[in-house]
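Residue numbers (the working numbering), protein chains in the order written: chain A, 1 to 419; chain B, 1 to 300.
Please note that the accuracy of each hint is not assured.
[Said to hold, decoys possible] Pair ranges (Cβ atoms, derived):
id: 1; chain 1: B; residue 1: 124; chain 2: A; residue 2: 265; range: 34 to 40 Å
id: 2; chain 1: B; residue 1: 284; chain 2: A; residue 2: 310; range: 54 to 60 Å
id: 3; chain 1: B; residue 1: 297; chain 2: A; residue 2: 280; range: 49 to 55 Å
id: 4; chain 1: A; residue 1: 407; chain 2: B; residue 2: 136; range: 32 to 38 Å
Treat the hints as calculated values from the structure; they're not laboratory data.
In this text, a Cβ means the ideal position worked out from N, Cα and C, and glycines have one as well.
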Amino acid sequence: MTRTRTPGISRRSTLALMGAGAMSVAAPWVARAQAKTIKIGMPTILSGRVAQLGTSSRNAVMLEVDKVNAAGGLAGRQIEMVIRDSKGQPQEAARVARELVNTDGCEWLIDGEASSGSFAVHEVARDLGVLCVHTCSEASSLTADPKQHVPNAFRCVRQGIHDSIVGGSYAAAISKAKGLKKWATCSPDYAYGRDTTGEFTLYLKRFAPDVEIISESWPKLFQPDYTEVVTKILQAKPQALYSCLWGGDLTSYIDQANIYAMFGQMEVFAVNMADYTALTVVKNLPKGIHSGNRYIKSFPTTPENAAWGDAYKAKYNEYPTNWSWQNATAVMFLAEAAKKANSTDGKKIAEVLKGLTIKCPFGADGTVTMRGDDHTLVGYAIGWGTTIPQEPYVPEVKAGDWKTIFELEAEWKKSKGYT
Amino acid sequence: MDLDALAGCLSSSACLVTQTTSGLIIGMLLFLVAVGLTLIFGVLKIVNFSHGAFYMFGAYFAMTAYQLTGSFALAMLAGAAGTAVLGLIFERVFMSRVYGADVLMQLLVCYAFVLIFDDVVRLIWGPEFRSMGMPAAFQVMPLFIAGGVVPPYYLLLIGVALVAAIVLGIGLSRSRIGKVIRAAAHNPGMVSALGINTGLIYGGVFALGGMLAGLAGALAAPVRSLTPGMGFSVLIESFIVTVIGGMGSIVGALVGALLLGLIRSFGSLGFPLFTEGLMYLFMVIVLVSKPTGLFGKEAA
Numbered sequence: 001m002t003r004t005r006t007p008g009i010s011r012r013s014t015l016a017l018m019g020a021g022a023m024s025v026a027a028p029w030v031a032r033a034q035a036k037t038i039k040i041g042m043p044t045i046l047s048g049r050v051a052q053l054g055t056s057s058r059n060a061v062m063l064e065v066d067k068v069n070a071a072g073g074l075a076g077r078q079i080e081m082v083i084r085d086s087k088g089q090p091q092e093a094a095r096v097a098r099e100l101v102n103t104d105g106c107e108w109l110i111d112g113e114a115s116s117g118s119f120a121v122h123e124v125a126r127d128l129g130v131l132c133v134h135t136c137s138e139a140s141s142l143t144a145d146p147k148q149h150v151p152n153a154f155r156c157v158r159q160g161i162h163d164s165i166v167g168g169s170y171a172a173a174i175s176k177a178k179g180l181k182k183w184a185t186c187s188p189d190y191a192y193g194r195d196t197t198g199e200f201t202l203y204l205k206r207f208a209p210d211v212e213i214i215s216e217s218w219p220k221l222f223q224p225d226y227t228e229v230v231t232k233i234l235q236a237k238p239q240a241l242y243s244c245l246w247g248g249d250l251t252s253y254i255d256q257a258n259i260y261a262m263f264g265q266m267e268v269f270a271v272n273m274a275d276y277t278a279l280t281v282v283k284n285l286p287k288g289i290h291s292g293n294r295y296i297k298s299f300p301t302t303p304e305n306a307a308w309g310d311a312y313k314a315k316y317n318e319y320p321t322n323w324s325w326q327n328a329t330a331v332m333f334l335a336e337a338a339k340k341a342n343s344t345d346g347k348k349i350a351e352v353l354k355g356l357t358i359k360c361p362f363g364a365d366g367t368v369t370m371r372g373d374d375h376t377l378v379g380y381a382i383g384w385g386t387t388i389p390q391e392p393y394v395p396e397v398k399a400g401d402w403k404t405i406f407e408l409e410a411e412w413k414k415s416k417g418y419t
Numbered sequence: 001m002d003l004d005a006l007a008g009c010l011s012s013s014a015c016l017v018t019q020t021t022s023g024l025i026i027g028m029l030l031f032l033v034a035v036g037l038t039l040i041f042g043v044l045k046i047v048n049f050s051h052g053a054f055y056m057f058g059a060y061f062a063m064t065a066y067q068l069t070g071s072f073a074l075a076m077l078a079g080a081a082g083t084a085v086l087g088l089i090f091e092r093v094f095m096s097r098v099y100g101a102d103v104l105m106q107l108l109v110c111y112a113f114v115l116i117f118d119d120v121v122r123l124i125w126g127p128e129f130r131s132m133g134m135p136a137a138f139q140v141m142p143l144f145i146a147g148g149v150v151p152p153y154y155l156l157l158i159g160v161a162l163v164a165a166i167v168l169g170i171g172l173s174r175s176r177i178g179k180v181i182r183a184a185a186h187n188p189g190m191v192s193a194l195g196i197n198t199g200l201i202y203g204g205v206f207a208l209g210g211m212l213a214g215l216a217g218a219l220a221a222p223v224r225s226l227t228p229g230m231g232f233s234v235l236i237e238s239f240i241v242t243v244i245g246g247m248g249s250i251v252g253a254l255v256g257a258l259l260l261g262l263i264r265s266f267g268s269l270g271f272p273l274f275t276e277g278l279m280y281l282f283m284v285i286v287l288v289s290k291p292t293g294l295f296g297k298e299a300a
């Protein structure tokens, strides 16, 4: 077979044309940087099983953006949010993020993706050099692992390792006080469930060395029925149970465990219980479930936090989620950084963000900090408490100690080879 | 693998009772969904991929009725009756147009409706998960039988499913209408020639199948969270049940569902990391040794 060249546009010239086109599409933000409004792109999950969390992220961002715009915008420029659905798929999140910058002319990104998608958006931020703030991924490695470091990317999210340290020490204290030595675990069978449970038990055993894990259950994510898991745990007769099930899976589990009267037979530690998405849905919430704070307007117990929770509810007719406060905090950070830099230039903002401390309703002491060396949020309110069936759902939360968190986190980073 | 735990359980009456009832609960709900699937396939020769949606609608109908009336009985009735009507409309308006069409066409229509029904639920009830809540009458301490724990609600659930199975079994084998349905499954042309409205039979069977799935959804609503797309995982397990039991066989669906329930409940003790795999492994073994399923008939 011989190849013949057809007359007309050659392959080489077509490629050259395409290349030129791609170049002009790839760097539009350079030309648009001086536009009056500043566009901020946000990929998040607006459809599918966790749409509620993505919607609550969007709501929180808009609540804060409206405030910033009313106060004159970012260095004199009004914010225009461009928010797109990634359907919770990493490849779609990366595509949307790229499109937001390249086609829509967004100058910054707020990444409202769960862990799987945020790693994809992180690479887009690295590639395009665009300022990016992750607002939903709790996977510690995103910022703890130096290989992941991107100078223009920050994480404004609580972190798995922080939660595990606080949860482990809280649970250990209760274990010692009540003599809870036999523990069972029941968590969803995927990366988050495995990692979080592993870290929690690691710190539980560190603080209470005589604790023994006598039964483990790993139901699959979104499993409709947990009966066999419930009865298996009942057979093992543990004194305490840890679970990081969340959302609809957690409420199903509680309903099904309730009719076996499980909550009267053991202490239950469900890290994701104290989130309004679960608290307001469960019809017969048992009293006395131990939970970490996700977002709850009664913790931190400050008028600022309560007012923020009420303002959100007044506007959207539902309570905020854990993703909400994180997204709101991201906008607060960006606004403060723009004020300090008196600019909207991504590089300048990134410089100011490093180590920046701002006043924030969700801070343990009324402030939160964007730690300079690993670009991650610290100083946020973190603690554990027990549930009651009606508002305020978790009346008292025992706050975690950030000094201990920092010490153990540094140790953990070392053990992982991150430092 | 934790065979000690399994052996320990098998030698303890308390554990045996708890795990067996747990298996029966999972199995009976699965049976209600699977039997509708197998019935529709047996008579209409259609693999109804949208069957999980009826389970979902049953749960949502029950929740709404319960919120409006506070009556558990009315909630169950709403779940079953609502899905029966939905099934009838769905069959008459849409499915009846693809009888005899390419399997791929039938599959596409069903799949399209899986997506449409999920979005309808999202539009009406919202995208977030919901919970119906356990009726006060069943918020009681579980029963202790031979040391094993059995929640009263689950006894009701098993009872209702069992009654449905018996009525269905006797109805199809003894009653006149049952005989007509079986005849229509065997030779619809002849049934039609005898002056019987086969369209009505087909619609009725689809409504019955939908109603059973809806009843399962309604019974599950107090203990499972309601979310758009909740029918999908149940549908997959129902397919495993029908494949194990034999497509088109009601007894097969019952046996398959109960076996699957027991595999889950005892498998979670002995093979905690392989419970799901165990179901598929069992399906493979059945398919290899008897390709038509345990109670399936050889193709003519």
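Against the structure, the hints:
Between residue 124/B and residue 265/A, the C-beta spacing of about 38 Å keeps the proposed range 34 to 40 Å intact. At roughly 56 Å, the beta carbons of residue 284/B and residue 310/A sit within the given window of 54 to 60 Å. Distance hint for residue 297/B and residue 280/A: a CB-CB separation of about 51 Å, consistent with the stated range 49 to 55 Å. Checked against the given bound of 32 to 38 Å, the beta carbons of residue 407/A and residue 136/B, roughly 49 Å apart, lie outside it.
In this structure, the one hint that does not hold is number 4.
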